[in-house]
Amino acid sequence: MFAFTAKKGRIVGAAAITALLAGTVAACGDSQDTAQTTSPADAEAALSEESSLLVWGWDPAIQPVADAFEAKYPNIDVEVVNVGTGSDHYTKVQNAITASSGAPDLAQMEYYAIPQFALSGGLADLTALGAGELESSYTPAAWNNVVVNDAIYGLPWGTGPMALFYNKAVFDEHGVEVPGTWDEYVAAAKTLHEADPDLYITNDAGDAGFATSMMWQAGGQPFQIDGTNVSVNLQDEGSMKWANTWNELVQNDLVAPISSWSDEWYQGLSNGSIASLTIGAWMAGNLESGVPDGAGDWRVAPMPVWNEGDTTTAENGGGAFSVLEQSDNKVVAQEFLEFMTASSEGQKITLDTVDGIPSTVAELSDEQWLNREWEYFGGQQVNQVLADAANNVVEGWQYLPFQVFANSVFADSVGQSYANKSDINAGLSQWQDAIVSYGEQQGFEVSAQ
Amino acid sequence: MTLTREVETHPGAASSMPVIRRSRRSWTGWGFMAPFMIVFLFVLLAPVLYSVYLSVYDTKLIGGTQFVGMDNYIRVMNDPQFWDGVVRILKFFAIQVPIMIFLALGAALAIDSARLRASGFFRIIIFMPYAVPAVVATLMWGFIFGDRFGLVANLNDFLNASIPSPLTSSLILLAIANIQVWTFTGYNMLIFYSTLRTIPEELYEAADLDGANQWWVIRSIKLPALRGSMVIALVFSVIGSFQLFNEPNVLKGLAPNSISSFFTPNMYAYNLSFSGQQYNYSATVALVMGVLTMIVAYSVQHFGTRKDER
Numbered sequence: 001m002f003a004f005t006a007k008k009g010r011i012v013g014a015a016a017i018t019a020l021l022a023g024t025v026a027a028c029g030d031s032q033d034t035a036q037t038t039s040p041a042d043a044e045a046a047l048s049e050e051s052s053l054l055v056w057g058w059d060p061a062i063q064p065v066a067d068a069f070e071a072k073y074p075n076i077d078v079e080v081v082n083v084g085t086g087s088d089h090y091t092k093v094q095n096a097i098t099a100s101s102g103a104p105d106l107a108q109m110e111y112y113a114i115p116q117f118a119l120s121g122g123l124a125d126l127t128a129l130g131a132g133e134l135e136s137s138y139t140p141a142a143w144n145n146v147v148v149n150d151a152i153y154g155l156p157w158g159t160g161p162m163a164l165f166y167n168k169a170v171f172d173e174h175g176v177e178v179p180g181t182w183d184e185y186v187a188a189a190k191t192l193h194e195a196d197p198d199l200y201i202t203n204d205a206g207d208a209g210f211a212t213s214m215m216w217q218a219g220g221q222p223f224q225i226d227g228t229n230v231s232v233n234l235q236d237e238g239s240m241k242w243a244n245t246w247n248e249l250v251q252n253d254l255v256a257p258i259s260s261w262s263d264e265w266y267q268g269l270s271n272g273s274i275a276s277l278t279i280g281a282w283m284a285g286n287l288e289s290g291v292p293d294g295a296g297d298w299r300v301a302p303m304p305v306w307n308e309g310d311t312t313t314a315e316n317g318g319g320a321f322s323v324l325e326q327s328d329n330k331v332v333a334q335e336f337l338e339f340m341t342a343s344s345e346g347q348k349i350t351l352d353t354v355d356g357i358p359s360t361v362a363e364l365s366d367e368q369w370l371n372r373e374w375e376y377f378g379g380q381q382v383n384q385v386l387a388d389a390a391n392n393v394v395e396g397w398q399y400l401p402f403q404v405f406a407n408s409v410f411a412d413s414v415g416q417s418y419a420n421k422s423d424i425n426a427g428l429s430q431w432q433d434a435i436v437s438y439g440e441q442q443g444f445e446v447s448a449q
Numbered sequence: 450m451t452l453t454r455e456v457e458t459h460p461g462a463a464s465s466m467p468v469i470r471r472s473r474r475s476w477t478g479w480g481f482m483a484p485f486m487i488v489f490l491f492v493l494l495a496p497v498l499y500s501v502y503l504s505v506y507d508t509k510l511i512g513g514t515q516f517v518g519m520d521n522y523i524r525v526m527n528d529p530q531f532w533d534g535v536v537r538i539l540k541f542f543a544i545q546v547p548i549m550i551f552l553a554l555g556a557a558l559a560i561d562s563a564r565l566r567a568s569g570f571f572r573i574i575i576f577m578p579y580a581v582p583a584v585v586a587t588l589m590w591g592f593i594f595g596d597r598f599g600l601v602a603n604l605n606d607f608l609n610a611s612i613p614s615p616l617t618s619s620l621i622l623l624a625i626a627n628i629q630v631w632t633f634t635g636y637n638m639l640i641f642y643s644t645l646r647t648i649p650e651e652l653y654e655a656a657d658l659d660g661a662n663q664w665w666v667i668r669s670i671k672l673p674a675l676r677g678s679m680v681i682a683l684v685f686s687v688i689g690s691f692q693l694f695n696e697p698n699v700l701k702g703l704a705p706n707s708i709s710s711f712f713t714p715n716m717y718a719y720n721l722s723f724s725g726q727q728y729n730y731s732a733t734v735a736l737v738m739g740v741l742t743m744i745v746a747y748s749v750q751h752f753g754t755r756k757d758e759r
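The listed protein sequences derive, respectively, from chains A and B. Numbered according to my numbering, the first sequence terminates at residue 449, and the numbering increases by one at each position without gaps. Numbered according to my numbering, the second sequence terminates at residue 759, and the numbering increases by one at each position without gaps.
Every clue listed holds true.
Taking lysine to aspartate or glutamate and the EDC-like style, the derived pairs with C-alpha atoms no more than 20 Å apart in a straight line are: (1) A:348 to A:373; (2) A:421 to B:596; (3) A:241 to A:310; (4) A:421 to A:198; (5) B:509 to A:226; (6) A:72 to A:42; (7) B:509 to A:445; (8) A:72 to A:49; (9) A:348 to A:70; (10) A:348 to A:288; (11) B:509 to A:433; (12) A:241 to A:395; (13) A:190 to A:177; (14) A:241 to A:183; (15) B:509 to A:440.
From the derived model, a few chain B residues whose C-beta atoms are all more than 12 Å from chain A: (16) 552; (17) 555; (18) 567; (19) 631; (20) 651; (21) 663; (22) 665; (23) 685; (24) 754.
Reference excerpt, derived from the structure (chain B facing chain A, CB under 8 Å, subset only): (25) 597; (26) 705; (27) 710; (28) 725.
Simulated from the structure, these hints should not be mistaken for laboratory data. Even for Gly, the Cβ is constructed at its ideal location relative to N, Cα and C.
Using the sequences and the hints given, assemble the complete structure.
The structure is reproduced here in structure tokens:
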């Protein structure tokens, strides 16, 4: 559902200037809990009055959802603005929050970014607006992502349970079976690369989002957050399990050192030299639109597991929409959120626009959606695999309350292990040091193991 | 050149200048200054003062904003990442500037020598890269440097060689130096060339009469005349190197592991601000870097200029 499009080398010069001029020292205001909860009658009244909403996000499905909402509530004017993808977007949201003005009513928030913006007081707690009643509509894994310190900072819109997307034509050509475990995956990587030195099972140049998802699946819980107490252990059992396996792949040149979303990456996916991706379920739609040459060649299988018989998977990407604390139209904003993420109408529009994975229980078990045969994937009922993945996400994972920053310095430490083909565990330890020192500077109680 | 200078600096010439006296309390002068002063205050001074203000505070995710006095400055002084960046740009300066000045000088002398046909054409061609925006130039060079489907890849395929990618961490500084040499050689050439055009014909005639060959003309007339422009070119280069940002920031997209988030002090300040929300510390880094640049640029100007010209 979250279409991650490649936007490289973009300089946010304008944002830089805005921030320098407007970057007033933000008082870290706590979101004030209003005692009373909005009643349906209040919401009804707010919706019948003329008002407007400003939404920031980059997903192509936002606009059609907004159109449908406007049609349903003609007094509400919804404006959708794309201010950038991923970190560009967060920079602008952060600038608006820091400047205490200019923020939208609603903003797209990937799960990993929610704790950071929630803690700095930028996002509104939706509990008072009645969001708590919607909990049972979403899968537990999705819901878990929007709750920080018992407050609700957004409603899940799409999830990214991981699966193995593989190029069946390439696998068949070299007689490689679809790997069910990571050991089989390493073996398959060797077979493919030995058969053709230009052929790689996947690409990985060091990607924080991927690494954390892999640790997640391996049972790692490197980040534990309790209020302002943060404990970091990037050498726990699960994290090391991933690092050790990946050492073997990286040090033996079995993965292509190509950054995801780069031109080379798309080229590699198109010409078959990157033979598979272990990635969030939203990749299904992205493959179809971004790699049209691969039509008919690609298939989807469950993510490889650590022990035979396991069915575990993790989340990769995916995200929510949040109401900003600055918004003065929160009741209507909440209604829009509900329409977008929880109503079957909103979910249907979204799924029609971008092929993705719904975060609501009802849509996940919708027969028509489940049994859809994807032409791009050779008629495979891809959604069945992806829905299974959604139900098998390992529980208990937490992101750092400053994950956006942590990911931005991943290349300084773990990236160096990739570049020098040295021990990833050493890189993880350095990453941990950077995380600990940043956390302490920001006033968290950080303990490192 | 030496002849004319002596005339200019003749002691008698200075003392015969009329001294202009004006009323002390007249504000008329400021009236003429106003358009500049207003712009100066708002565009230059206000942001600097605001940065100074930011730099003595500290905003935390937990705990809000506090006055911290000089703490941020002390932190910069002891910050290995900051100094890593400073050392890197010094290295960069040491590699890139001599090559660029040498090439620019050669080009300017060649065009000025009157032995080159179509010198106007060469002048434009050499200057042209300067007109290409840095971001575009870097992307273009980035693709040339690519060892997968760039020019380096093609060369490797064609020659069956294995030229290492210039985008690996050990070579990336040279790759950036290459881009900057390409961009700024023409600009410096133009500065040198315009100075060479101001040398009076008489000096060449005199040299001719004395039987000096071209090398002697270059050594004794042209190079001394170029001294002032070279100092200016150096000062510009100091500022340019110390502010290095566009090239590494764009290349980071192509080679994320070769360029750290603190590759140059400017990148460090940028990332502190926009990835880490450490606006206060970022402002401090920017100010310290500004002061360092001023010191180095001033030293270059001071020691590069002859005593009698200071």
